[in-house]
Each structure stands twice: as C-alpha cells, then as structure tokens.
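Take the given structure of chain A and dock chain B to it, following the hints.
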Amino acid sequence: KQEVTQIPAALSVPEGENLVLNCSFTDSAIYNLQWFRQDPGKGLTSLLLIQSSQREQTSGRLNASLDKSSGRSTLYIAASQPGDSATYLCAVRRDNAGNMLTFGGGTRLMVKP
Amino acid sequence: GAGVSQSPSNKVTEKGKDVELRCDPISGHTALYWYRQSLGQGLEFLIYFQGNSAPDKSGLPSDRFSAERTGGSVSTLTIQRTQQEDSAVYLCASSSQRAYRTDTQYFGPGTRLTVL
Numbered sequence: 001k002q003e004v005t006q007i008p009a010a011l012s013v014p015e016g017e018n019l020v021l022n023c024s025f026t027d028s029a030i031y032n033l034q035w036f037r038q039d040p041g042k043g044l045t046s047l048l049l050i051q052s053s054q055r056e057q058t059s060g061r062l063n064a065s066l067d068k069s070s071g072r073s074t075l076y077i078a079a080s081q082p083g084d085s086a087t088y089l090c091a092v093r094r095d096n097a098g099n100m101l102t103f104g105g106g107t108r109l110m111v112k113p
Numbered sequence: 114g115a116g117v118s119q120s121p122s123n124k125v126t127e128k129g130k131d132v133e134l135r136c137d138p139i140s141g142h143t144a145l146y147w148y149r150q151s152l153g154q155g156l157e158f159l160i161y162f163q164g165n166s167a168p169d170k171s172g173l174p175s176d177r178f179s180a181e182r183t184g185g186s187v188s189t190l191t192i193q194r195t196q197q198e199d200s201a202v203y204l205c206a207s208s209s210q211r212a213y214r215t216d217t218q219y220f221g222p223g224t225r226l227t228v229l
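First to last, the sequence lines map onto chains A and B. Residue 1 is where the first sequence starts when you use our numbering, and the numbers rise one by one after that. Residue 114 is where the second sequence starts when you use our numbering, and the numbers rise one by one after that.
Bound conformation, chain A alone (with noise of 0.2 Å):
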C-alpha cells in the first residue's frame, strides 16, 4: 500500500525566504506526483505535475523535483510572501492503477510579514 509522507507538518518563516518542503513515498511505481495548495476552508489548487519521467517542473517562483527511485519530492518556493500561506499537499497517482491520488498529510505554511 503506498504511504506519502510531508515533512515537516508546519512551518513559519519570515517574508522573503526560500523554503523547502518535503514529501516522501513508499513505492517508487507511480505515473505522476503533484503538488496542491489549500487554503482554510477552500477546495486544492493543483500547483505543478511532475511526470514519473520528468526530474523537475517550474511555475514562477515555485520549483518541484522528483527522485522517484529513492521516493521523493521537493518543492522550493524562492522569496516567500505572506499570500504563499496556505496547506501544501504532494500526492501521487499510482502506475497502472486506477487514477485514484493518495495524498501526504500536508505541511502547513505560515509566511510572516
């Protein structure tokens, strides 16, 4: 059964900070990881899908790799602002499987002016 870790769970960071969040996965056969925002009491806004062929996909300031042989992902965000708090969720879709995503518990990101 595949199991998706994020860490950490939540992180505050100062107005104009890069930043890294992590998540992990448990088995490497997967079509795609992507990268969500929630924001409190709102639906998720998919950020960037990454390709299990690809190693990395770009969208302004956010940046999000894949290992998948070792199970994991990063994403950057470089010059953090304070509109960038939200929840940011990783969630794979299994190889050959369905098209059902299991999702990361979150890291929750608060950005301080």
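Mixed in with the good hints there might be a few duds.
Unchecked claim - For lysine to any residue, the following SDA-like pairs were computed, each having C-alpha atoms within a straight-line distance of at most 25 Å:
no.	chain 1	residue 1	chain 2	residue 2
1	A	1	B	169
2	A	42	B	154
3	A	1	B	155
4	A	42	B	118
5	A	42	B	134
6	A	42	B	200
7	A	42	B	155
8	A	1	B	216
9	B	124	A	43
Derived from the structure by calculation, the hints contain no laboratory data.
Then chain B, alone, in the frame of chain A:
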C-alpha cells in the same frame, strides 16, 4: 469557464439520517473523483467515475456509502444512517482524461458535513 462546484457547502445532520452530497464537474470532464478529508486522517480517496461507471470503489469505507453519476456529468454521494465518524469535508474533483498520464485533477470547494 466554471470550475468544479459542490453543494451544499455545509451540512449539519443528526446521527442516523441520510445525506446526499452533489458534485458538478467541469463541463466535458469524463473523470470524476470523490475524496474525504477528516481531521487527523488527511485526504483519502473514496470512489472514481469514468463516464457513468465506477471502475474503482475501493475507498468507500462501508456499505452505507454509495455514489452515482448520471449523464456523464453530475454525481451524488449518498451516506445512509450517518455516524459521527462520517463528519469530514467531502471533496470532488474532475479531470479531462484527454492525456492519460498528464491529466490534472481539479477540485471543488468541498462540502463540510457535521454529524451531531
């Protein structure tokens, strides 16, 4: 265009009552997913629809839970004889499935269910 919508946004019910949660996916999206987000449990998969059929129901926690999708569009998640442990946010997502490996799931705002 409109995103995934869910109704109601909040539902408070008494233990033992039945509830229906509705999801309207993005127009044209053939795949639809239900997830549950419980305090302390994280996000867990419930059921997946491709068109009107559900090839993967593996996440439904008990036979009190059922879901259907009609016309390849709207889906309803029904919980019978609700229990307090059913309290959670129920999230719906849809995807286009045009590019199997690259499809992104788009999530609705969720329905917060509270069972008293």
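Hints, verified against the model:
1. 1/A / 169/B: 16 Å, holds
2. 42/A / 154/B: 17 Å, holds
3. 1/A / 155/B: Holds - the C-alpha atoms of residue 155/B and residue 1/A are around 16 Å apart, at most 25 Å.
4. 42/A / 118/B: Distance of about 11 Å is within 25 Å: holds.
5. 42/A / 134/B: 16 Å, holds
6. 42/A / 200/B: 17 Å, holds
7. 42/A / 155/B: Holds, at about 15 Å.
8. 1/A / 216/B: 23 Å, holds
9. 124/B / 43/A: This hinted pair holds, its Cα atoms lying about 16 Å apart.
Violated hints for the displayed structure: none, as all numbered hints are satisfied.
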